[in-house]
Amino acid sequence: MKVTVARSLEEALADPEAIFLAGGTDLMVGVNFGRERPEHVVSIRGLSELGDTSVGERVRIGGGVDYTRVLDALGEHSPALVQAARTIGSPQIRNAGTIGGNLGTCSPAGDTLPVLAALDAEVILRSPAGERRVPFSEFMLGPRKSARRPGELVEAVEWLDAGPSQAFLKAGTRNAMVIAVANLALVVDRARKAVRVALGSVGPTIIRALEAEDLARGLFEESGWERPLRPSQAAAARFGELAAGAARPIDDQRGSAIYRRHVVAVMARRALARTGEVA
Amino acid sequence: MPELRTRGRVGESVPRPDAPAKVRGDFSFGSDLVAPGMLYAKTLRSPHAHALIRSLDVAQAISMPGVRAVLTAADLPGVRLFSLHDPPDQPVLVGVGEEVRYAGEPVAVVAADHPEQARRAAAAIEADYELLPALTDPVEAIRAGSVLRELLIRRGDPEARAEVVVDGYYELGQQDQAPLGPEAGLAVPAGDGSVDLHVATQALHVDLGQVEACLALRPGAVRLHLAGVGGAFGAREDLSIHIHACLLALRTGRPVKMWYGREESFVGHVHRHPAQMWYSTGADRSGALVFVRATIVLDGGAYASSSGAVTANAACFGAGPYRVPNALVWSGAARTNSVPNGAMRGFGAVQTCFAHESQMDALAARLGMDPVQLRLKNALRSGEQLITGQRVTGAAPLEELIRLCAELPEPARSGHRLSLPGGAGNVAEAANVVRATGFAVGFKNIAYSEGHDDYSTARVRLERGPDGRALASIKTAASEVGQGVVTITQQIARTELGVEEVVSLPADTTVGDAGSSSASRQTWMTGSAVQLASRRVAEEVLRRAGPPARSLDAGQVLDAEGMALAPIELFLEEPIEREFEYHHRPTSGLNPEGQGDAHVSFMFVAHRATVDVDPEAGLARVVEVATAQDVGKALNPLQVHGQIEGGIAQGVGMATMEEIKQREGKILNASFTDYIIPTALDMPAVSSILVEEPEPDAPYGAKGVGEPPLISSPAAIAAALRAATGRRLGRLPVSPDELAGLAECEPDWEVTPGVSPSDGRRRQR
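From first to last, the protein sequence lines are chains A and B. According to the numbering used here, the first sequence is numbered sequentially starting from 7. According to the numbering used here, the second sequence is numbered sequentially starting from 25.
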């Protein structure tokens, strides 16, 4: 196995067959299980081109930014992504794993992915041919399958600041350091009058719950986008049902389909109540 | 004049000698071993739960770069089977024309210059299997006569009737011991055909006998040395790398290092027996127990291991630590095509504790009685009999434990979001949370039972150290597996010899057997051996000092008034060395009615769990476990509290998350990604009281303390979760589905409690 420590983006992109290594929190697990035996590994850790973060009207997080730095950089911004980053692994994992890695691996259980879906984020891919921007809705194609082509690197992810009305919730059978049995992100962009709900770990890809979004949009329309929303019990229950209805869960060693669907409904109701309060 | 008193005696919280190295990361574990020129070994394992090996072709593997040896069953020099069980039943390697009986069973071993070369060579071995049907339902196995052991306990009137009767069905999933250090060792061949095996184990001599038989070497040609052990909990009682590493070392003439990764470790050691239990408990209207009837089905897996003893323990302790005049308990371990199950902390008593305590709560509810009062009313006392007819002759302070535990203050509510159920997942809010408590008691035997001649050997030497002062050294083969036997035996030697400088020599097989570090027995067994060997050394010092010398303390020989006569080293011109082999009081087997004095002594414990539950989301957090434990005498209170906290951590895991999941005999979650164990955020606060009622025969009155923290803590947590949700929760670990009311544990078979499941019927669903 050949290992290159890239000193520039150009060096990192030189071999289109190479496997990128940033935090190694996915890749090394594959190696340890004997599932992966890469021929050429290119370490991109510490590449300054992947490390920038900027917060403003448009938020940008470099692909090489680890979760601990996501927490630091975002502060009050994009609170759902902060909550998602906080649930990932242990402090050691958060110091190593990167947002580019979460996108690159593209597991349905990737904790930042529902948030990026709900933020309608754009994934910026870099190859020797240049930059390519892919909306998240077109990025994830299946379990560990994405629109990223061989040799393309996740350079950054960008989204429009959607304001503070957002939430991320994750159900797992342990109180920390657990892979999601189901997770959910809800973003209410009051300025742009948009609601997006995205579900993780309940299907082959991150799933947008479009009917639930429509219902919530109607509720905010009715009560006023600039005002707190206190949905009726019936409306909240319907929102939960619609979110659960969008899920396509399976039974596996981490959880049952019936529980996943159930807890999506619970999380959706609570997320709506929480985001409704924040105006 | 200040009192002369040795520091670091029994009763003090002496720090562990290995602690600084472990905290700094300097401690050398079995997986850290190296030797010049060593090879790396890898095992080829069957991917099938049950299959006939039609052929094995190693030609390609042996020709690969760096490969030094590829061994199959055809290369075995000695006995081809090994086991803790007599006669042995587990193949060292399964050969052509033979059957593999579980997925993960070893078929060939490879040694190569580099671990990756060994891995590739193992993968290049061509094995052709004829698949056979896998038997994975233990009840079906028992009905088919595939039984490792079954026994019946019959006491009083097995058909007794009672005014109030509760019936229940309970299940436990398969728990892994999850030692953080996987199986590891290094075999070093000596030029004379003998071999030294350095291995992380619980019992050097138990291993030695099995290794010797399978290597077919002359007596004394195999020497075992204890390597640094990264946790055990029962997972290191059976052999793992031992014979394979030695065979490869002897074949190649080079040191061979062998260690399992985490995934391999899951099939490389036994696990806790999953259990299915049908119970019926009867009481009169005052709450006095009239009868307990139970059928206990354990999945023994493919080979015997310690299933026999676990089956007996599950039965002996199956009615709980209560006065039970009438009992009928059938207990059996099925032979199936699963990874073998065997020893794990609690050893059978954990499984049935969950059932008998759940029954006590159901009974209390039916009687309208407080569950703590019901337990107090029935609590076993010293002098009373178990369902095996055995009279408890030692300490049995169960009533005191129940009272003290129930009276411990309840925990305050935390305002921190992370301490809500679901923790970092951010699902619950305070308004969603229900708090409740649950109570449970348990008991278990100490040391080996059923007539097993249980002993331990210690050699204690007293001499002048490098500074000229008295120095004691202890030599035993007891495995320090993290439980603290080294610390305890040093404290005992200090107490008996009055000498502060005490060292423990490396544990190996050049001294007599110490038995295993299991069954909460080393403090009692090796502790007694060290105590009695030390006393003989002390007697010799006093003999040499002559009258008026009466005792030893603080490095001095003292007279009857405690006045110092002379420093001990004055009498050590010649070193003094004494060896003692301590046997505990003999026990007897169980007769066909399950009656007999099978155990030497008992440990009792009470637990109260406090939980916060988000019932709607099916999430829970154990807030606190309060406990009162019968310890006889705390020889090292700090270590006792360490055992309590560690055992409760495993109890929390068992009750709320830990389970090996299998499909058709194949493990689905062989990693710590999906076999989850509690994190710091899942670990509850622990509040504990040690009850010290000295046990006759035990050194300084000390009972074992390792297992009780894990016996009734899962049952107490289950009770608390039931109280919070109102759900039945018949299965551990409790699933989110059950907490949220989406599923309930139901038996696949209808079985009459107390009767063999051979007479059961498959339930229609």
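What the hints contain is simulated information worked out from the structure, not anything from laboratory work. Glycine residues also receive a C-beta, built at the ideal position from the N, C-alpha and C atoms. Among the hints, erroneous ones may be present.
Chain B regions said to be covered by chain A (calculated; three or more residues, Cβ under 8 Å) [what the hints assert, rightly or not]:
| no. | region |
| --- | --- |
| 1 | 83-94 |
| 2 | 679-686 |
Pulled a few chain B residues facing chain A out of the computed Cβ check, cut under 7 Å [said to hold, decoys possible]:
| no. | residue |
| --- | --- |
| 3 | Ala186 |
| 4 | Glu187 |
| 5 | Val188 |
| 6 | Gly447 |
| 7 | Gly449 |
| 8 | Asn450 |
| 9 | Val451 |
| 10 | Ala454 |
| 11 | Ala641 |
| 12 | Arg645 |
| 13 | Leu692 |
| 14 | Asn693 |
| 15 | Glu768 |
Taking CB as the label site, the calculated pair distances span [as the list claims (entries may be wrong)]:
| no. | chain 1 | residue 1 | chain 2 | residue 2 | range |
| --- | --- | --- | --- | --- | --- |
| 16 | A | Leu147 | B | Leu155 | 56 to 62 Å |
| 17 | B | Gly102 | A | Glu17 | 54 to 60 Å |
| 18 | A | Pro234 | B | Pro433 | 36 to 42 Å |
| 19 | A | Arg233 | B | Glu434 | 55 to 61 Å |
| 20 | A | Leu147 | B | Gly102 | 55 to 61 Å |
| 21 | A | Glu23 | B | Arg787 | 36 to 42 Å |
| 22 | B | Pro157 | A | Gly136 | 54 to 60 Å |
| 23 | A | Gly62 | B | Ala147 | 51 to 57 Å |
| 24 | B | Ala83 | A | Leu147 | 42 to 48 Å |
| 25 | A | Asp220 | B | Gln397 | 53 to 59 Å |
| 26 | A | Glu63 | B | Glu434 | 34 to 40 Å |
| 27 | B | Ser782 | A | Ala153 | 55 to 61 Å |
Hints and how they fare:
1. Restraint check on the region 83-94 of chain B versus chain A: 0 residues with Cβ-Cβ distances below 8 Å, three needed, restraint violated.
2. Counting residues of the region 679-686 of chain B whose beta carbon lies closer than 8 Å to any beta carbon of chain A gives 3, which reaches the threshold of three, so the coverage claim holds.
3. Checking B/Ala186 against chain A by beta carbon gives a least distance of about 38 Å; that is not within 7 Å, so the hint is violated.
4. Annotation: interface hint on B/Glu187 violated; nearest CB of chain A at approximately 40 Å, more than 7 Å.
5. The restraint placing B/Val188 at the interface with chain A is violated, with a minimum CB-CB distance near 35 Å, outside the 7 Å limit.
6. With 7 Å as the threshold, the beta carbon of B/Gly447 comes within range of chain A, its nearest partner Cβ sitting at about 3 Å, so the hint holds.
7. At its closest, the beta carbon of B/Gly449 sits 4 Å from a beta carbon of chain A; the interface hint therefore holds under the 7 Å criterion.
8. This hint holds: B/Asn450 has a C-beta 5 Å from the nearest C-beta of chain A, less than the 7 Å allowed.
9. Proximity of B/Val451 to chain A holds as hinted, the smallest CB-CB distance being about 5 Å (cut-off 7 Å).
10. Taken as an interface hint, B/Ala454 does not check out: its beta carbon lies about 12 Å from the nearest beta carbon of chain A, beyond 7 Å.
11. Checking B/Ala641 against chain A by beta carbon gives a least distance of about 5 Å; that is within 7 Å, so the hint holds.
12. For the restraint placing B/Arg645 at the interface with chain A, the shortest Cβ-Cβ distance is roughly 6 Å, inside the 7 Å limit, so the hint holds.
13. Contact between B/Leu692 and chain A, as hinted, is supported at the beta carbon level, the nearest pair being about 4 Å apart and thus within 7 Å.
14. Against a cut-off of 7 Å between C-beta atoms, the interface hint on B/Asn693 holds, since the closest Cβ of chain A lies about 5 Å away.
15. Annotation: B/Glu768 was flagged as interfacial toward chain A, and the flag is violated, the nearest CB pair being 12 Å apart, outside 7 Å.
16. Between A/Leu147 and B/Leu155 the beta carbon distance is about 35 Å. The supplied range of 56 to 62 Å is therefore violated.
17. Checked against the hint of 54 to 60 Å, the C-beta distance between B/Gly102 and A/Glu17 comes to roughly 57 Å, which is consistent with it.
18. One distance hint, 36 to 42 Å for the beta-carbon pair A/Pro234 and B/Pro433, holds here, with the actual separation near 40 Å.
19. A/Arg233 and B/Glu434 have their C-beta atoms about 42 Å apart, which leaves the hinted 55 to 61 Å range violated.
20. As the Cβ distance of A/Leu147 to B/Gly102 is approximately 56 Å, the hint placing it in 55 to 61 Å holds.
21. Evaluation of the 36 to 42 Å hint for A/Glu23 and B/Arg787 yields a failure: the beta carbon distance comes to about 56 Å.
22. For the hinted restraint 54 to 60 Å between B/Pro157 and A/Gly136, the CB-CB distance of approximately 58 Å keeps it satisfied.
23. Between A/Gly62 and B/Ala147 the beta carbons are some 53 Å apart, a value that agrees with the proposed interval 51 to 57 Å.
24. For the hinted restraint 42 to 48 Å between B/Ala83 and A/Leu147, the CB-CB distance of approximately 43 Å keeps it satisfied.
25. Hint check: A/Asp220 to B/Gln397, Cβ distance near 57 Å, so the stated range 53 to 59 Å holds.
26. Checking the proposed 34 to 40 Å range against A/Glu63 and B/Glu434 shows it is violated: the Cβ atoms sit about 51 Å from each other.
27. Evaluation of the 55 to 61 Å hint for B/Ser782 and A/Ala153 yields a pass: the beta carbon distance comes to about 59 Å.
Checked against the numbered hints above, the structure violates hints 1, 3, 4, 5, 10, 15, 16, 19, 21, 26; every other hint is satisfied.
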